[in-house]
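Asks: Sequence:
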Amino acid sequence: MSEHCTPVSPVRIAVIQYDPQVGVEHGDSNVSRGLALARRAVREGANLIVLPELANTGYTFHSRAEAYAHAQTLQDGRSVQAWADFARDHHIYLAAGFAERDGMKLYDSAVLFGPEGMLGHYRKAHLWNQEKLWFTPGNLGFPVFETPIGRIGLLICWDIWFPEVPRLMAAQGADILCSLNNWVWTPPPLFDEAGRCMASYLTMTAAHVNNVYIAAANRIGSERGGRFLGCSLIACTNGWPIGEVASAEEESILYADVDLSAARSAPIWNSLNDLPRDRRTDLYDHTLGYRLHAPMPR
1 MSEHCTPVSP
11 VRIAVIQYDP
21 QVGVEHGDSN
31 VSRGLALARR
41 AVREGANLIV
51 LPELANTGYT
61 FHSRAEAYAH
71 AQTLQDGRSV
81 QAWADFARDH
91 HIYLAAGFAE
101 RDGMKLYDSA
111 VLFGPEGMLG
121 HYRKAHLWNQ
131 EKLWFTPGNL
141 GFPVFETPIG
151 RIGLLICWDI
161 WFPEVPRLMA
171 AQGADILCSL
181 NNWVWTPPPL
191 FDEAGRCMAS
201 YLTMTAAHVN
211 NVYIAAANRI
221 GSERGGRFLG
231 CSLIACTNGW
241 PIGEVASAEE
251 ESILYADVDL
261 SAARSAPIWN
271 SLNDLPRDRR
281 TDLYDHTLGY
291 RLHAPMPR
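Taking UniProt numbering, I'd label the letters of the sequence shown as residues 1 to 298.
Quick caveat, the hints were computed from the structure, so don't treat them as lab data. Check the hints yourself; a few may be wrong.
Said to hold, decoys possible - Label pairs and their calculated CB-CB ranges:
#: 1; residue 1: I268; residue 2: G226; range: 26 to 32 Å
#: 2; residue 1: R224; residue 2: S271; range: 32 to 38 Å
#: 3; residue 1: M296; residue 2: M118; range: 18 to 24 Å
#: 4; residue 1: T6; residue 2: G226; range: 15 to 21 Å
#: 5; residue 1: P115; residue 2: G289; range: 32 to 38 Å
#: 6; residue 1: H91; residue 2: A194; range: 34 to 40 Å
#: 7; residue 1: G117; residue 2: I268; range: 18 to 24 Å
Quick reminder that beta carbons are idealized off the backbone N, C-alpha and C, glycines included.
The whole structure should be built from the sequences, with the hints applied where relevant.
Replies: Right under this line is the structure:
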């Protein structure tokens with residue numbers, strides 16, 4: 001950012017990578033560890049903090065009954081309330097993932113809190129592997145939330161493999177997508193020579209082709225025989241990571257200082273290239289037939 005350019009919406013993003021463990025008995029400690037790291041990020045000046053998918057429960061459930069035992073309601077969940085209190089008390093914005101219970105249905109959900117309270121709620125649309133046995137596919141579409149610091153979208157893990165998701169949120173004018181993840185260890189090859197996994201490149205590509213920031217928080221560690229990939233990152237509007245991509249093993253916090261609403265006018269190499277404008281909406285619908293939320297100019 002040029003020293004002569006006054007930021008319109010200055011934000012310090014913090015992506016938190018840690019190791020929440022499955023088990024009802026671990027719920028409070030999972031939340032406490034995530035918030036301890038978030039508190040460290042606040043001390044470093046962060047005002048938009050992203051925690052992983054299912055940050056309070058861990059991931060590897062053995063049955064739907066076990067998943068149900070871990071789940072909380074959006075209105076009364078202890079973890080949700082702890083995140084809400086943290087955002088209010090520290091005057092910051094916080095995205096986190098949890099297992100949501102709504103009647104008899106379970107959702108893999110994300111929430112966005114600010115000092116004013118809850119600003120966003122999203123239910124994972126694309127379920128991975130055994131998630132299909134516990135969770136109901138999300139029914140809220142792909143909303144973008146207006147906040148005092150900019151327009152924020154939420155997506156969860158496997159969603160990034162579907163290019164429609166970031167595209168539809170970009171079409172609604174999103175400035176940043178918070179990507180909450182439990183990227184798992186799959187058959188090799190997992191990493192390239194740079195230590196990046198496929199999810200890293202999908203995140204970078206989505207940021208690039210949609211001209212948005214993406215803050216992707218993954219978890220680490222092992223759980224019931226499964227492993228997690230780490231590789232959290234913050235991608236710039238040009239697709240490249242801002243700073244480092246996190247390791248596959250270490251608890252860490254990544255930071256990026258951005259002018260969030262500058263995403264709406266981010267340069268694309270030269271004056272003749274404009275990704276939103278260059279789309280051939282005479283050949284295909286601006287929102288690919290999606291009708292739940294209206295497109296907005298960026």
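Asks: Determine whether the Cβ-Cβ distance between I268 and G226 falls within the hinted range of 26 to 32 Å.
Replies: violated, 39 Å
Asks: The hint says 32 to 38 Å between R224 and S271; measuring C-beta to C-beta, is that right?
Replies: The hint (32 to 38 Å, Cβ to Cβ) is violated, given that R224 and S271 are roughly 53 Å apart.
Asks: Just tell me: holds or violated, for the beta carbon distance of P115 and G289 against 32 to 38 Å?
Replies: About 37 Å separates the Cβ atoms of P115 and G289, which means 32 to 38 Å holds.
Asks: Within 18 to 24 Å or not, the Cβ separation of M296 and M118?
Replies: holds, 21 Å
Asks: Per the hint of 18 to 24 Å, is the separation of the Cβ atoms of G117 and I268 within bounds?
Replies: Given a distance of about 36 Å, which is not inside 18 to 24 Å, the answer is violated.
Asks: How does the Cβ-Cβ distance of T6 and G226 compare with 15 to 21 Å: does it lie in that range?
Replies: violated, 47 Å
Asks: Indicate whether the distance between the beta carbons of H91 and A194 respects the range 34 to 40 Å.
Replies: Between H91 and A194, where Cβ atoms are some 37 Å apart, the hint holds.
Against the hints set out earlier in the document, violations occur for numbers 1, 2, 4 and 7.
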